[in-house]
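A.B. asks: Now for the letters of each chain:
Protein chains: 2
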Amino acid sequence: MLPRGRPRALGAAALLLLLFLIGFFLFGGDLDYGRPQPRGAAALDGDLPAGYGGHNSSDCDPPRPRPRPPKCELLQVAIVCAGHNSSRDIITLVKSMLFYRKNPLHLHLVTDAVARNILETLFHTWMVPAVWVSFYNADEPQPQVSWIPNKHYSGLYGLMKLVLPGVLPPDLVRVIVLDTDVTFASNIAELWALFAYFSDKQVIGLVENQSDWYFGNLWRNHRPWPALGRGFNTGVILLRLDRLRQAGWEQMWKMTATRELLTLPATSLADQDIFNAVIKEHPWLVQPLPCVWNVQLSDHTLAERCYSEASDLKVIHWNSPKKLRVKNKHVESFRNLYLTFLEYDGNLLRRELFGCPCPLPPGAEQLQRALAQLDEEDACFEFRQQQLTVHRVHITFLPHKPPPSQPHDVTLVAQLSMDRLQMLEALCRHWPGPMSLALYLTDAEAQQFLRFVETSAVLSARQDVAYHVVYREGPFYPINQLRNVALAQALTPYVFLSDIDFLPAYSLYNYLRASIEQLELDGGRKAALVVPAFETLHYRFSFPTSKAELLALLDAGSLHTFRYHEWPRGHAPTDYARWREAQEPYRVQWAADYEPYVVVPRDCPRYDSRFVGFGWNKVAHIMELDAQEYELLVLPEAFIIHLPHAPSLDISRFRSSPTYRDCLQALKDEFHQDLSRSYGAAALKYLTALQQPRGPI
Amino acid sequence: MLPRGRPRALGAAALLLLLFLIGFFLFGGDLDYGRPQPRGAAALDGDLPAGYGGHNSSDCDPPRPRPRPPKCELLQVAIVCAGHNSSRDIITLVKSMLFYRKNPLHLHLVTDAVARNILETLFHTWMVPAVWVSFYNADEPQPQVSWIPNKHYSGLYGLMKLVLPGVLPPDLVRVIVLDTDVTFASNIAELWALFAYFSDKQVIGLVENQSDWYFGNLWRNHRPWPALGRGFNTGVILLRLDRLRQAGWEQMWKMTATRELLTLPATSLADQDIFNAVIKEHPWLVQPLPCVWNVQLSDHTLAERCYSEASDLKVIHWNSPKKLRVKNKHVESFRNLYLTFLEYDGNLLRRELFGCPCPLPPGAEQLQRALAQLDEEDACFEFRQQQLTVHRVHITFLPHKPPPSQPHDVTLVAQLSMDRLQMLEALCRHWPGPMSLALYLTDAEAQQFLRFVETSAVLSARQDVAYHVVYREGPFYPINQLRNVALAQALTPYVFLSDIDFLPAYSLYNYLRASIEQLELDGGRKAALVVPAFETLHYRFSFPTSKAELLALLDAGSLHTFRYHEWPRGHAPTDYARWREAQEPYRVQWAADYEPYVVVPRDCPRYDSRFVGFGWNKVAHIMELDAQEYELLVLPEAFIIHLPHAPSLDISRFRSSPTYRDCLQALKDEFHQDLSRSYGAAALKYLTALQQPRGPI
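So the sequence lines, in the order shown, correspond to chains P and G. Just so you know, the first sequence maps onto residues 1 to 697 in the UniProt record's numbering. Just so you know, the second sequence maps onto residues 1 to 697 in the UniProt record's numbering.
Honestly, the hints are just simulated from the structure, not real lab data. Among the hints, a few may not be true.
[Said to hold, decoys possible] Under the rule of at most 27 Å between Cα atoms (straight-line distance), these lysine-lysine pairs were calculated in the DSS-like manner:
1. G:K280 - G:K254
2. G:K201 - G:K329
3. P:K329 - P:K526
4. P:K71 - G:K526
5. P:K201 - P:K329
6. P:K329 - G:K329
[As the list claims (entries may be wrong)] Calculated from the model, a selection of chain G residues having no Cβ within reach of chain P, i.e. all distances over 10 Å:
7. K71
8. E281
9. P321
10. L349
11. A666
As the structure is a prediction and not an experimental result, all values here were calculated from the model. C-beta: ideal position from N, C-alpha, C; glycine also.
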């Protein structure tokens, strides 16, 4: 056994002494930016007793031990977010925060309707343990700031941070306020712990501004708002809401802003100008924070003085309008940190907090129970697991303008993954109407997709195409879940349920709208309009501009009816012979394995999400339409053409794996049982059809 | 200005007092595992003065401040690694370590030849700043441990940690030794800082074993090696190499092992049994480390006692032979952490360390200069940037057995990305010989690829297919860099330079070897054997088993000569009419745009890596072969057939973007200038060819 008592006590004493000495040297140093600073600016460093600059203290203070991040304490975070692009930004911020956090978090999101719609769906499907999200309508407090002229790119929402004490719940005492363009590189609890340093009077914790902006000498006639020394940056704020309310914050900032606006035309840096003006007037309000908690990468940043001496960066702030394209000799390294979280698989953040008792997010408990009931030895285990998977969904990933409401309008609905991106431009050329597309992507692929759209003139010109990202998880392509996401987001009264490999006739969009009107579908007639499908086997071919041209190509053997060689049953009931001659829509009867592409009202039945991977996914949907007595009406002038592609991984697995085929059969059987339960004797015909023997697909 | 002096001093004093009090309470508690422990086990906790268990101390010690991770100090890490699978594991470990590190690192890798080959290439191409790598041949010290009978799955290499003091450089004083199956969740400098706690006698820092193994009561007749209490786990070790050498470590462990092996048949846990037996005998050697530095996820782990009380996990250790499939109620969360680094884009770790002056890794400086010279305004900037990109390369990503050396053997060389994985099985069926394939993947995709091979009976049966992962970076598919990687790794005297979308005639492999022998290519005849290329436009078709069958399909219009419709120039010089009738190989002449698939000696010219994305990548190579006076000999019985697929993203960009086409033209011009420089007047004919006007591709 070790004789440890003495050396340990001695060691501890020696270390303590060392610590005092280190403190003596370090707190004696003054590493400021060579300018006079407000007294006490960055007097703490939250992590280290040395090294990142900004100390200003008497020589013999002992080093103050850093406050411990509180285990299991709920931390409060507020973020203002509006529009499609900020909704993407905030997710990267949240991912970085969640990656390092060890505490439960409550996010307070002050949003416009667009961001709320996106983020509600996202957090609901993300199901991260120990994260609560509350939304606040940013439109309500708008009048409180809309009178302030503002030149900053963040616009009106940039000013919203001023009104948080009134917007957030009255019992919320402390909150960390973040801009959407910050990235965490450390545990947010360390930031939260800095509240402990606030004196009784202090209400706002801020990091000093890391540029010379507020000195007003950046260019001729540059006239900034008043600030204490270099001023403070408001990308990261600690707010004592209780004290702000008590101190009459609202009157305070409004008075200051009103006064300054007598001589200044507008704010240049939104809320930050006003915060600084107030602090200049009431300097005791502010607790300066260590520079590492807001490393500002603006164009002429002085941040290097901070991060090259600190051993650790805590938060980086992309506070240039150029964001990641900002010029800075270290930007590559910062960008790598940012890209880490931009491309990080958000599913991996569904980690529980060990040792903190936290209720599971809504739905997660149910899901866990269902997953736990699955039999891992079942040959179809992976299928069943995939069916239960709740995919993270980011609706309207890119800016989107809903189409004006029109009674016969129709949205093209489809789904795709990365390997079909190159279809999008052609699809846009063929379909001038609204589209709702679900994309099955990883977080990294979502960024590639974003770049793809940005560099395409055709795609970026379209605002009526809504792209919904469904994040990948599990071994099978969840085709029907994807279709349901796209379908749920369609905003017109009708939808055209298509697939991504098809190009519609150029006239189809107009023709469908006209047909819907003519057939008086809005009068309550329950019908599914069938769009006949064809295919070409050539990569390059010139698309027929009319039915006559199409028929000529068909006769010449350059075109075929869809899957004519492999699986004619899928479209035989469309009756192509009759279609050749037809002048009017005609009714056809359902038959086994029929899987046409149809136009239906938006409130049609959803796809059955048990079908994942290859097989039976559309067949089951058409069966359900038939069971609900939708008329099947073939349109005489409508057509779509399928372009060639390599067989998908799923179809290859279906062909090579007997288990895959057996599992699909089991799913079909279960589907039929459910159909019988829902539709009774009327569903008998589907059972008969299902039991017919047939060749391989 | 703030009146800060007094409140600050008071606050500091209060905090210090608080800290003392906390220490008083916490160090009084005893949170051990309910079993007698070696005195001093986990007496430190490296991060927190409280909360995760294993304290054992008198009541009135003050809390010891944690030692500070030393800024910019070079940290030394040793890892033993052998074979293909461990080489993959170690990369995940290294990624996790690099992600959190802030210090320069020196990795000491003790490897077999396979691992060295893989890891040398990997680190050379990874070019991470402030990381040095040294290799040590594991075969040399093997005799020192090979006499020890060992039942552990880690085999002989598992014992190698015992001999590190002799293997590592004599001037290396301290080193952290890691198993390949650990994952970091924190900064390794914090672990390094624990060396400061070693007493003068202590030489080994270890975390207590987190199972009851060494108590010997896990099952009947379980007879473990002797250990101090619960014993220690050797997945994470701090070694004072200097003191070990001085103390005669080699004699020490050999004597103990020899003695124990008189009564015990073999080690069950490899080196760990011997370390524990030595420590039992000389307990003053060990400095116990906090449990969070080696959270052991074995089958019946007791680790939860550690991690549910700690606020922070530092290192997790997958020390079950089941690895990630281990059963454990929190395994999902640990797996997410592991997957984070498994799938992490290693390119993002090329981050410099701010404030630590470090020379750039070999090649990186040159590369930075070249990149800095590029003109960002140049329309072809992205092309030039892509050409300069050094891709991280992981050769022989999966287990591979080089083919036995045969004088006429030929390796099929090709490259692919995820969207062509489904070609691999068919390719294996058509080509029974060795293959060298470069795969262009992200880190996450590489894992999908691994699963794909593991679940394919056809692919996992093949050990002669070498898969080389080239990690994705940049907007263009670096086709010729990929080809060069695959080509460089081919181990037979000849290579068949093919493309992934082609299936060879079933007989091709044997026929090529026979032809090489017959044509006496090994006698120094400089020839490129042309394999005529055909194409089908149908997804499913029955592959011709002979030339006669092929010709019949050609006549029936089911097959065509390759790119007959789009770009006949590419293969016209092969002279298909002559091929129909040919019985013997025949010579053909080079012509502009000729790009046949050829068999050449392994030392043939490399592909020109300036061609990225679509266009001219093969043409340039054939031109170079011709310039070097390779005879072009068409083989009368050889053929390959191209299967249909959707156009690649690159060909779509080429077609839609005039800039893309202009840049390709600029590259061609530059290529020709280089050709002229190398081959003088002889290269004139290529210039003439280049300047001929021609239609769109």
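A.B. asks: Return the numbers of the hints above that this structure violates; sort them in rising order.
C.D. replies: 2, 3, 4, 5, 6, 7, 10
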